[in-house]
Amino acid sequence: MKTMKNRDVLRIAAGLSAVANIKGVKWNYAVARNLRTLEMIVQSLQDASKPPEAFMAYQKERIDLCIKHAVKDDDGKPQVSNFEYIIQDRVSFDVELKALQDQHADMISAREQQIEEYNELLEDSVDINLFLLSPDNIPEEVTGGQLAAIMEIIEE
Numbered sequence: 001m002k003t004m005k006n007r008d009v010l011r012i013a014a015g016l017s018a019v020a021n022i023k024g025v026k027w028n029y030a031v032a033r034n035l036r037t038l039e040m041i042v043q044s045l046q047d048a049s050k051p052p053e054a055f056m057a058y059q060k061e062r063i064d065l066c067i068k069h070a071v072k073d074d075d076g077k078p079q080v081s082n083f084e085y086i087i088q089d090r091v092s093f094d095v096e097l098k099a100l101q102d103q104h105a106d107m108i109s110a111r112e113q114q115i116e117e118y119n120e121l122l123e124d125s126v127d128i129n130l131f132l133l134s135p136d137n138i139p140e141e142v143t144g145g146q147l148a149a150i151m152e153i154i155e156e
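According to UniProt numbering, the residues represented by the sequence shown are 1 to 156, in order.
Treat the hints with care, since some could be wrong.
Think about it this way: if two alpha-carbon atoms lie no more than 25 Å apart in a straight line, the pair counts; the simulated PhoX-like pairs of lysine-lysine are [to be verified]:
| hint | residue 1 | residue 2 |
| --- | --- | --- |
| 1 | K60 | K50 |
| 2 | K68 | K98 |
| 3 | K72 | K98 |
| 4 | K50 | K5 |
| 5 | K60 | K98 |
| 6 | K60 | K77 |
| 7 | K23 | K5 |
| 8 | K2 | K26 |
Simulated DEER-style distance windows between Cβ atoms [what the hints assert, rightly or not]:
| hint | residue 1 | residue 2 | range |
| --- | --- | --- | --- |
| 9 | K5 | R62 | 47 to 57 Å |
| 10 | E155 | Q114 | 36 to 46 Å |
| 11 | E117 | V142 | 30 to 40 Å |
Since the hints were made in silico from the structure, they are not lab data.
Everything numeric in this text was worked out from a predicted model, so none of it was measured.
We put the beta carbon where it would ideally sit given N, CA and C, even for glycine.
Take these sequences, add in the hints, and give me the full structure.
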């Protein structure tokens, strides 16, 4: 039984998913068994972080506003730089965005609170019974980076 933070559970689960297709009977058994062990915790954490439908509706309105005010290319598609829309008239956009944020202030505040609580949840500890694998059973194809993400399943 190991005690770890929920944040580590997510890291290990992601690491295991990334190496799930590497061949090796004992390796695949250890990966599958540990993924199953972590599955309920991961699902609970994903559910806890999921934005409410009302917030998603606000996000859609916000993105639509960005598209409305974005610089368009010759085909009429909005221009993006560094994953952000390039806004043509920032003053007009800011006025409309502020009005939208004011309209949805309670939902935005609730989402910020949800994120704060989720981040606290990631720091909570949980006891997990991971299935350990001998270093001799690590396939050669596993990289150091992949291994670093899942070291908790390797016997010392």
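Status of each hint after checking the structure:
With a C-alpha separation of about 15 Å, the suggested pairing of K60 with K50 holds against the 25 Å cut-off. For the hint pairing K68 with K98, the CA-to-CA distance comes to about 15 Å; that is within 25 Å, so the pair holds. A distance of roughly 23 Å separates the Cα atoms of K72 and K98; the hinted pair therefore holds under the 25 Å criterion. Between K50 and K5, the direct Cα distance comes to roughly 20 Å. Compliance with the 25 Å bound is thereby established for this hinted pair.
A hinted pair counts as satisfied when its Cα atoms are at most 25 Å apart, and K60 with K98 qualifies at roughly 15 Å. A C-alpha spacing of about 17 Å is found between K60 and K77, which places the hinted pair at or below 25 Å, so the restraint holds. For the proposed pair K23 and K5, the alpha carbon gap of about 29 Å is over 25 Å, so the pair is violated. Between K2 and K26, the direct Cα distance comes to roughly 21 Å. Compliance with the 25 Å bound is thereby established for this hinted pair.
About 32 Å separates the C-beta atoms of K5 and R62, a value inconsistent with the hinted range of 47 to 57 Å. Checked against the hint of 36 to 46 Å, the C-beta distance between E155 and Q114 comes to roughly 39 Å, which is consistent with it. For the hinted restraint 30 to 40 Å between E117 and V142, the CB-CB distance of approximately 36 Å keeps it satisfied.
Checked against the numbered hints above, the structure breaks hints 7, 9 and satisfies the rest.
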